[in-house]
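Produce the complete structure using the sequences and hints provided.
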Amino acid sequence: MATFPKSEMEIATLAENMISGLTANTEVYPAPIIPVDQLQNTLNELKSAQHQVVATKSAAEQAVTTKNEVLKKLIGLLKSNIHYAEAVTQREDDELKLIGWGGRSAPRKIELPGPIEQFQAIRTEPGTIQLTWQRSRKGGRVVAYKVQELNRTLGVWQTVETALNNTAQPLRNQEVVLYYRQSGEALAYRIVPCNQAGEGTPSNTVEVLA
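Those letters in the sequence shown? Residues 324 to 533, per this note's numbering, in order.
It is possible that some hints are incorrect.
[As the list claims (entries may be wrong)] Simulated crosslink set (PhoX-like; lysine-lysine; CA at most 25 Å straight-line):
#1 420 / 432
#2 380 / 402
#3 390 / 370
#4 395 / 420
#5 402 / 390
#6 432 / 396
#7 420 / 396
#8 370 / 380
#9 329 / 390
#10 380 / 329
#11 432 / 469
#12 380 / 390
[Claimed, not checked] Cβ-Cβ distance ranges computed for the label pairs, FRET-style:
#13 475 / 522: 17 to 23 Å
#14 441 / 416: 29 to 35 Å
#15 426 / 393: 25 to 31 Å
#16 423 / 466: 51 to 57 Å
#17 368 / 406: 53 to 59 Å
These aren't lab readings, by the way, just hints derived from the structure by calculation.
Backbone N, C-alpha and C define an ideal beta-carbon position, used for all residues, glycine too.
Right, dumping it as structure tokens:
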């Protein structure tokens, strides 16, 4: 058994076939419940409504295009006057507010990063040191960590490695492995978090035998 169509095109096709079939076969269908002329009129109404939808959609698309062009034009005009106003007032905020604009805000000050936590140094094998620590949780966002080793002869801290902040895995601790240390030597390390503002507070010092 045939199933009733669902799409508009299929329904319209069924109507056309029914109209032509009823018209050509009056001996088989002498008195249909819905006359052919009523079917035809309703089909014509559907086609007219479909054409109207297409026309309305086209008009709406054109209206959106026109609106976007006018908006682009208005933006250009506004920007021209903004540039003029900024030049005349030397970007004075109060005077620019008179025309609904404002001076450029001062750049946001970047805060130095806070200290790291849970700093540990472990001798994994002779001459190899593994350093691990928890990221800075306070202060500005860290860009990198300087790994510093104490030069006992000179009495100064020297940067021996730089570790980028691992933002891809924020829950994991940072880790650096140092190789080729003098086996049996007493070493001291600290971590200094850094960002665009400079160096943050150095960590506690951790000593380990290489």
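Evaluated hints:
| no. | hint | result |
| --- | --- | --- |
| 1 | 420 / 432 | 24 Å, holds |
| 2 | 380 / 402 | 33 Å, violated |
| 3 | 390 / 370 | 30 Å, violated |
| 4 | 395 / 420 | 23 Å, holds |
| 5 | 402 / 390 | 18 Å, holds |
| 6 | 432 / 396 | 36 Å, violated |
| 7 | 420 / 396 | 23 Å, holds |
| 8 | 370 / 380 | 15 Å, holds |
| 9 | 329 / 390 | 36 Å, violated |
| 10 | 380 / 329 | 22 Å, holds |
| 11 | 432 / 469 | 22 Å, holds |
| 12 | 380 / 390 | 15 Å, holds |
| 13 | 475 / 522: 17 to 23 Å | 22 Å, holds |
| 14 | 441 / 416: 29 to 35 Å | 46 Å, violated |
| 15 | 426 / 393: 25 to 31 Å | 29 Å, holds |
| 16 | 423 / 466: 51 to 57 Å | 38 Å, violated |
| 17 | 368 / 406: 53 to 59 Å | 57 Å, holds |
Hints 2, 3, 6, 9, 14 and 16, counting from the list given before, are not met by this structure.
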